[in-house]
Amino acid sequence: AQSVTQPDIHITVSEGASLELRCNYSYGATPYLFWYVQSPGQGLQLLLKYFSGDTLVQGIKGFEAEFKRSQSSFNLRKPSVHWSDAAEYFCAVGEKAAGNKLTFGGGTRVLVKP
Amino acid sequence: EPEVTQTPSHQVTQMGQEVILRCVPISNHLYFYWYRQILGQKVEFLVSFYNNEISEKSEIFDDQFSVERPDGSNFTLKIRSTKLEDSAMYFCASRGEETQYFGPGTRLLVL
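Quick note, the sequences are listed as chains A and B, same order. Heads up, the first sequence is in this note's numbering, so the first residue is 1 and it goes up one at a time. Heads up, the second sequence is in this note's numbering, so the first residue is 1 and it goes up one at a time.
None of these hints come from the bench; they were simulated from the model. There could be a bad hint or two in this list.
As the list claims (entries may be wrong) - If the Cβ cut is set under 7 Å, some of the chain B residues that face chain A in the computed set are:
no.: 1; residue: T13
no.: 2; residue: F45
no.: 3; residue: N52
no.: 4; residue: E56
no.: 5; residue: F61
no.: 6; residue: P70
no.: 7; residue: G72
no.: 8; residue: G96
Positions of the beta carbon are idealized from the N, C-alpha and C atoms, including for glycine.
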């Protein structure tokens, strides 16, 4: 069965500093990979996705993620964090099957210090 | 930009009561999903729906749960007899081009 691990429950970062959120997955083949963001009281917004091809993918709000097959990782990065990036971030893996259900990691809550 | 909508945003109910959570998926999408997130826990898959039938369901999705697409636009999740442990945020999603787009969620509180 597929699984997703986000090792960091909380991360605090200063505004303007860089951010990296870790995600490791377990899946039998190359999965579909996603990062979603959830602001307080909001739903899940898609930041970016990886299906195949270039392993460095760009998303919205200045985020990028890199797929590393050898490490089973899909880490999310942003070079310079803004206060509005304070939110919870979820990594998810999707099955390449008809149902295509998503399996989510536990999430990483990002706090941004002024 | 098209989006998934959900109503109500919040629902409070008594244990044993039936609730219906409503979703309007993105109009040209064909696959629909329900997920839930108990406070402090992971987002969990409940059920996927395609061509007017369930395509996959999780162990959580027992006989107390049902889904329906009653017309061309709505997608509903019914919990027949709510339990305290059904308290959670329920997210609807619809899928286009292998990507799921989520609604804002319904926060259900069972007392």
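query: Which numbered hints turn out to be false for this structure?
result: Violated: hints 1, 3, 5, 6, 7, 8.
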